[in-house]
Amino acid sequence: MTGATGQPGEPALYGRAPLLGGLLPRLTGLDTGPKPRLVRHEHPEDHPAVLLTGGHGAGKTAVLDAVRDAYAGALPLARVDLAALAPFAAQWPELDPASDPYASLSNTSGVVEVLERLAVALAAPVPGYRRVRFPRLLPGLFAVSSWRRGHGEQRALAAARFARLLPLADGGEAESGEEWADRISARLAGAAAEADVEPVAAEVVREYAARHTGGKERGTVHDWYAARAPGQPQADPLVRLCLDFHQGGDLQSPVEQTLVTALLDDLTDAWSGWWMRVNRKPRPLALLDDAHTAAGRAFLDRVLEHRTEGARDPLVVLATHLGGAGEAYPDAARAELAELAHGSGWDRHAHDHLDRPSAGALRVALPPLSPADVRAMLQRTPKPVHARLQTVLYRLTGGHPQGSALLCDAVVSASASRDVRPGELLDLETEDGTPAGDLLVQRLVPELPLRHHLMVLSLARDREAAEALATGALLAEESGPAGESGADAERARVAEAARHLERERWTPEADDPHGAAPSFVAHPFLHALLVHEVRRGSPQAEPGRRWDDLHALLHRHHLERGGEGDPDALRHRLARGDAWGVVERLVPAFTGQDDARAWLALLRHLASAPHPPAPPYGEWRDERVETARGALDHRHQGADGVHRSVNRLLHALWYLDDPVREPRDELCVALHKELAFLAPRHSTGFTVLDAAAGAWAAAARDSRRPYPVEGLD
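Using the working numbering, the first residue of the sequence shown is number -6, and each one after it goes up by one.
Hints may be right or wrong, so weigh each one.
As the list claims (entries may be wrong) - Straight-line alpha carbon distances no greater than 20 Å define the calculated SDA-like cross-link-like pairs of lysine to any residue that follow:
#  : residue 1 : residue 2
1  : Lys28     : Ala334
2  : Lys376    : Ala407
3  : Lys209    : Asp163
4  : Lys666    : Pro656
5  : Lys376    : Ala334
6  : Lys28     : Ala10
7  : Lys28     : Arg273
8  : Lys28     : Val119
9  : Lys666    : Ala684
10 : Lys666    : Glu703
11 : Lys666    : Val653
12 : Lys209    : Arg273
13 : Lys209    : Ala220
14 : Lys666    : His636
15 : Lys28     : Asp62
16 : Lys376    : Ser410
17 : Lys28     : His49
Stated by the list, open to error - So the derived label-pair ranges between C-beta atoms look like this:
#  : residue 1 : residue 2 : range
18 : Asp243    : Val113    : 27 to 35 Å
19 : Ala491    : Ser363    : 40 to 48 Å
20 : Lys28     : Ala334    : 49 to 57 Å
21 : Asp571    : Ala624    : 54 to 62 Å
22 : Pro323    : Arg697    : 44 to 52 Å
23 : Arg697    : Arg368    : 17 to 25 Å
24 : Glu424    : Gly212    : 58 to 66 Å
25 : Arg61     : Gly556    : 53 to 61 Å
26 : Ala149    : Pro118    : 41 to 49 Å
27 : Ala591    : Glu424    : 48 to 56 Å
28 : Arg697    : Ser676    : 55 to 63 Å
29 : Lys28     : Asp695    : 40 to 48 Å
Read the hints as simulated data drawn from the structure, not as lab findings. By construction, the Cβ of each residue, glycine as well, lies at the ideal position given by its N, Cα and C atoms.
Construct the entire structure; sequences and hints are all you get.
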């Protein structure tokens, strides 16, 4: 799992050693390092469900993969991809129920699907362990899987589930699920046509008990379920369990709670026997990916509810959760990743609200990778890389694990045959020949129509500008939804994109030092990727959707806003390549009576403009370095010293603010030189401009943003 340095072998796992080599061994009781050994439990009785939190690409799934690889074959283990259970409703409960593939299947739910997968995986043979049995859970799962007569989809689901669960039941290995379901159907062939699920449930419960449950165990199971349904007149509690489950609504959650309790009680029995205690067997481990989904939330809520009531079980739960999980688990303890090397800090009894289920969770945020992590990944190249490549890569990604790992892999591959410059990072080829930037966008925004919309909308600064851009660029088909105008259809698409960004937690951290200019897509790394893809695809885009067309549209939109829109209008003018036109607007603002602070704020805002497509994606020539050094001053022979200085200053800032350009020393010097030149030429702003001369040059060298303005920041 880890190398000699204590770092995990996969690049996306750098810095995760406190979790993989610290907390997990103490929770499971097993360290699977180079010399596997038993470990004393940190929480011998009550232990937390651990939630790994973070945004897309934070390395959450990579951690689960590493844990699975480390513990597979060493203890009973199950890994469940919760987002794959129900591709629509499990992830987006606000969608129309018609899009839910389980909507018409009353014999399943997200929790039942999770329980089935956990049981199958945990029952798999593990050397040194007795086979885990589920005498309570299996009868319950068989019961709720009963189908409504005449409902082919429900019957097919039941037969498929029976096939997966029968190997876990005593004496069921040689029989198929279809044979099992056929036998039930044959017995009900003469039943009344109006009979629904109840006769099927009665036969399923009777058949399971007769074939897979011994006499003594049969009574124990009956009593266990009956104790959880006091006062119900139904003779067989498992049949009533099934009927309640199929009824849905308020009746389904208690059934799911009973089934989760059955799983945990079965595991408790298995790990409380003398054989387990004497041999100090490590605990079973459940790895749940995408626990923010409806299925994940429901299952974890029921586990935590079970433990809140004082019940104890051995199951170690490690789950991933998109975002911070604070709203879903407000009473959960929090721990920094580095702290896990010595202890979790979790103690239910130290909490003010012991009766709240979320107090049984421990939230661990996966932080971005550090510059040292990125440097370690780049050291795999056959020869030293560009001196500032690490700085640019880290500034671009902000330590985003997936992005850093993919780009570093591309650098390592390309470095075998040539030198790699920072400016080509996003165009480096990956293993299948796809440009790195394109592949990252595909992975981070997998939905194709939405991805194309976001690429264009990333050029807009806010929702209003995005709606203007969407309407003007005709993102939707010309024939919008019935009864809606084209503009209404486009606003609806922008709203859908905004909901996606919010739902997927594509928001920058409050203290992110790599902040970008205001944008409809606020996450700086995703924003940089999307903008680059717009630039790269511009030559093939249809008229009206090319780079210059889009920025011209946004330029007009901000002009129509009046004076408050002028800074953004100028920014889009610069994005079209008209730098001298921008300079001619900046100089009057400087030489007039405007506040120097406001002028500097405008300047740094303009410098965040993305540059136009350059070869091979466009005809714009990137001469920002030459212009900043003064090598092209002769193009403006009639201009005065202030015009030339502002031109050099703007181009230096524009280059240095480019997320894939290195902080070149001569340009940092140019910042200081030009601001120092302009300081005494401003009627009131000498002190502010002089302070900016030193502060901006230092910030540029260290890749710090935003550039500080005295009195504003």
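Taking 20 Å as the top limit, are the C-alpha atoms of Lys28 and Asp62 close enough? holds, 15 Å
Between Lys28 and Asp695, does the beta-carbon spacing fit 40 to 48 Å? Since Lys28 and Asp695 have Cβ atoms about 43 Å apart, the given range 40 to 48 Å holds.
Cβ separation of Asp571 and Ala624, checked against the hinted range 54 to 62 Å: 20 Å Cβ-Cβ, so the 54 to 62 Å window is violated.
The hint says 44 to 52 Å between Pro323 and Arg697; measuring C-beta to C-beta, is that right? With a Cβ separation near 34 Å, Pro323 and Arg697 fall outside 44 to 52 Å, so the hint is violated.
Taking the beta carbons of Ala491 and Ser363, is their distance inside 40 to 48 Å? For Ala491 and Ser363 the Cβ distance comes to about 32 Å; the hint is violated.
Next pair to validate is Lys209 with Ala220; report whether the Cα-Cα distance is within 20 Å. holds, 17 Å
Taken at face value, is the distance from the CA of His49 to the CA of Lys28 at most 20 Å? Roughly 34 Å between the alpha carbons, so the hint for Lys28 and His49 is violated.
Is the hinted range of 41 to 49 Å satisfied by the C-beta distance from Ala149 to Pro118? At 29 Å between Cβs, range violated.
Lying within 53 to 61 Å: is that true of the beta-carbon distance Arg61 to Gly556? holds, 58 Å
Consistency of beta-carbon spacing, Ser676 to Arg697, with hint 55 to 63 Å: Because 30 Å falls outside the window, the suggested range is violated.
Can you confirm whether the C-alpha distance between Lys666 and His636 stays at or below 20 Å? Given pair Lys666, His636 holds - Cα atoms ~15 Å apart, limit 20 Å.
Does the Cβ-Cβ separation between Asp243 and Val113 fall within 27 to 35 Å? holds, 29 Å
Going through the hint list in order, the structure does not satisfy hints 5, 11, 12, 17, 19, 20, 21, 22, 26 and 28.
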